[in-house]
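Asks: Chain by chain, the residues run as shown.
There are 2 protein chains.
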Amino acid sequence: MNHPAEHAAIQHARRPFPAALLESLEAHFGDRVSTSEAVREHHGRDESPFDPQLPDAVVFARSTEEVQAIVRLCAQYDVPIIPYGNGSSLEGHLLAVQGGVSIDLSEMNKVISINPEDLTATVEPGISRKQLNEALKDTGLFFPIDPGADASIGGMSATRASGTNAVRYGSMRENVLALTVVLADGRVVRTGTRARKSSAGYDLTRLFVGSEGTLGVITEITVRLYPQPEAISAAVCAFPSMGDAVRAVIETIQMGVPIARVEFVDALAVRAINRHSNLSLRESPMLFFEFHGTEAGVKEQAKTVQDITAENSGTDFDWATRPEDRSRLWNARHSAYFAMLQLKPGCRAVTTDVCVPISRLAECVVETEKDLLGSSLPCPIVGHVGDGNFHVAMLLDPAKPEELEEAERLNRRIVERALKIGGTCTGEHGVGLHKMGFMIDEHGEDGIAVMRSIKQALDPKNLMNPGKIFSFTQ
Amino acid sequence: MNHPAEHAAIQHARRPFPAALLESLEAHFGDRVSTSEAVREHHGRDESPFDPQLPDAVVFARSTEEVQAIVRLCAQYDVPIIPYGNGSSLEGHLLAVQGGVSIDLSEMNKVISINPEDLTATVEPGISRKQLNEALKDTGLFFPIDPGADASIGGMSATRASGTNAVRYGSMRENVLALTVVLADGRVVRTGTRARKSSAGYDLTRLFVGSEGTLGVITEITVRLYPQPEAISAAVCAFPSMGDAVRAVIETIQMGVPIARVEFVDALAVRAINRHSNLSLRESPMLFFEFHGTEAGVKEQAKTVQDITAENSGTDFDWATRPEDRSRLWNARHSAYFAMLQLKPGCRAVTTDVCVPISRLAECVVETEKDLLGSSLPCPIVGHVGDGNFHVAMLLDPAKPEELEEAERLNRRIVERALKIGGTCTGEHGVGLHKMGFMIDEHGEDGIAVMRSIKQALDPKNLMNPGKIFSFTQ
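Protein chains in written order, with the numbering used here: chain U, 1370 to 1843; chain R, 1370 to 1843.
Watch out, some of these pointers could steer you wrong.
One copy or two, either will do: identical chains are not told apart, so a pair holds if it fits within one copy or between any two.
[What the hints assert, rightly or not] In silico SDA-like cross-links for lysine to any residue, where the CA-CA straight-line distance does not exceed 25 Å:
id	residue 1	residue 2
1	Lys1672	Pro1485
2	Lys1499	Thr1684
3	Lys1668	Ala1600
4	Lys1479	Gln1445
Hints were generated in silico from the structure; no laboratory data involved.
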C-alpha cells in the first residue's frame, strides 16, 4: 500500500549492499547476522500502514561496542543504519527506504543500574517500559511514561514519546537525563550526567531525544523515576459534548489540581471500548481521570474534579478507588486502540497525532468532528486532553486505495488546522515518513535548514536512518 | 583582576571594528548606538569577578527586526555580537573578549501575550522575571523560575537558569516552550509551538536554551506558567550536620512529597543571614522549605516533612503559614548572597555551582567542608539541595591575587570531585568564561567535538558571543 500524500518521501534509491560488508558482519557477529526474508520482513515494517521496505541485513547487537563496530563497518561501505527496538512505531520509522542494516537492539534489554536515592535508572535501549517497571517493582519507584504500546525505552527516547500521564510527569523530553550514543562515524558520546540539571553547554541529550535515529544510535539511557504514589484513584465522567469535557479539563488544570492522567474518548471510541471490554459506559464523550497522591490528597483531587465536571454538564461521575475497579476502567482505555480496530474487521488505522494549545483544543476537535461526519470511514477519537494531543484513528480497508486517500485527506486537513492555531503535526508519535510533508509548514524553511545543517554536521554521509523527518541529500 | 586558572580562555585578540560598521549602525539606530566609555564599561562586565572587557559599541534594540539588522551588519564586517539582558551573569558571559557589539535588549521588555487557558506567556527577552510576575499578578498564574537575581528571561533562557524551586517546577529547560532566534547570518527561526509537547523533529528550542548566545540571539520566549497555589506554607529546620539535612531531603523526595522549594544553608551562611536580616536562627546547618498546594495539602506536606526531619535529628522545626512570616524567612534566604558578601567588607565572591546526584550530595558537601576548613577565605555554603546543586561563595579581597588563586584552587577541587561522582560543573549559572576549563573533563573530547560541529554549522565565522563555553576557531 502506498501513501499518495507522502509518495515523494518514500521514493528512494536503495544503496548498494556490498558482499564484503556482509562478510565482515558475519565474521564479527556469526549467526547474529540474518539476511533471511522473514527476519528482514519483520524489521522492515512497523505498526504504520506503510508496506514493508526490507533492510539488506539484520544484526542483533549486545553492547555499545558491538553497535560501534556495526556502525564503523557500515560507514566504511556507505551503508545505511536503522536502529530497531520493539517495532511499535506508527509512522514508518523502521522502513529501510534506502536499504541497509537494521540493528536489532532487543537483546540489549538490561537494567544497568537503579539509583533509588537519585530516582534514576540507567538502561539499555531494548528494554521495554513494562520490563523496566517490572524491574522497579520492589523499589517503591516507577517509570511513568506510558505510550500505550510496550515500546522500548530506546525507541521512546528516539521519538520523544509520551502518553497518558504526560500531563503530570512530562514526556521523554523531560525524563531522559543522559544518553550514550554511537555517532555516524563510530564515535561514542555520553551526553548529560546523573545530576538532575546542568547548564554545562549545549543540551546534547535533548538533541538526540526525538532525532529518530537520524543522528546516532542510542545505546544507553538514564531516565528519571518517581515514587509510587501512596494512593491512586480513578474516575470517569460523561459529557454532552467535547467542548464541555475540554472546558472541565482546562478548569481542572488552571486550579492546579495535579491530575496524573486525563483522557478523552468520543462516543464511537466508547462504543468500541464497551464491545471490546464488555462494559456498559454511556456512549457519549467521556473523560477518564487518574489521581496520584496521598490518601487524603486523591480524595480532595477527585472531589474538586467532580465539582468542576458537574459545573460543565458532566454526568455519571464514577469514582473507583479499589485497584480492581481502577484496572477495569483503565485497561478499557488502554485497549482502546485495539478495540477501535475491531470496529471494522480487517482494517488498518491511519492515526493522526496533532497537539494544540489546550485553549484551542475544543474548537479543534469540534471542527475535526465536522470533517469526520462527512467521511465514509469510521473515525473514533481518543486524546491526551491535558496536553492538547488527540488521535483520530481512521479505519480503512487496506485493499481500497480510495480509503487510504480519504484518510490522508482528512489527516492533512486536521494537521493544517492544528498548525494554523499554533500546534504541531505530531505530539508524540514522531515524524517518521508520514509527517515529513508537514515539516516545512510547521518549522519554516529556515527551521528545517537549521535541522539539516545539524544533520550535515553529524552525519554528512546520511547513513543514520536516512529518509526520515526531513529530506536530506548529502 | 585576572583568573589565573582560566587565563588561556580569556586571551583573545580583539577583532577590528570598522568605522564603516559604526556609521551604518548610527545611520540605522541614531542615538541608540553608544560608544561612550561608561556605557561600554557597563556592558562589558557582569557579576563575575572578571575585569571588564569592553565591547566596541552598544546598540539598544527594540524588535526582532532590529536585532536582525544589527546581526546582518556585524556579519558583513565579521564583528562579534554579545546579547545583553540584565547583566546578572556570574560567569563572565558578557565580557567582549574579542570586542564587538553588545546588543542591549533591556528595551525589549514587553509581554507579547498571556494565554491563561494554556498556562503560557510569550515575552521579549529583556523582561525580568519580576516584571513578568508583576504582569501576571491578576491572572492567578505565576512564572516559577527564580534564580535569586532579577535576571532577564532572555538571559535565563540562554544560561538554562533555575533556582530555588526547580525541585518542583524544573529549570528553564522544562519551562521554555518556544523561541524566536536571530541566527548568525541574520535568518530568524521560530522554534517550537504553543503546544505543550511535540515530536516534530530536532528539539531546536532546547538547543538554544543554554547556548549562552553562542548560536544566536533570542528575541522572543514562550514560557510555561503555573496556577498560583491555593495555599503556601514555609518551614525552617536546624540539623547537627549537613549529612542529616540531606538525608531528610532524600527521604522527603522519595516519599513523593511535592515540596516546592528546599534550600540548604550552612552555619556560616546562617550567621550572615542573621546579621543581615536581623534574625536569630540557630547557627547550624539548616533547611528552608516551602510547600505549595491546597490548604489541607500543605498541612499534610508540612506534617510529613516535620516527621522526616525529626527522624533525621532535625530540631527547631518552625512552620510559618502567615504570609508575613513566610516572607521574613524566605526574604532572608533570598538575601543570602548579599548577606554573605557582608561577611567580608569590600570582598567579591567566586561562586561554585556544582550539581551532583543527590545520593552523593552529603558526601560531596562534607568533603567540601573539609577543604574549606583548611582555607583562609570565608566560604559560606547555600544549596538547592533537592536538585543536588550547591554554591560555595568564596569571599576574597580583589586586591589580593593570592586569594583569587586560593578560590580557584578550591573551585577546581570541588568541580573535580563533582565530576568524579557523576555530576556537572555548573547546575544553573552556565559556563561563560569561568567553567570552560572543565568542559572536556565533563563531556569528553567527543562531546565537545559534537558541540563544536554544531557551532560550526550555525556560526562558522564565530560571531555569536565568541570565546564562551568552549574554545572554537573558525
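Asks: What are the numbers of the hints the structure violates, in ascending order?
Replies: Structure breaks hints 2, 4.
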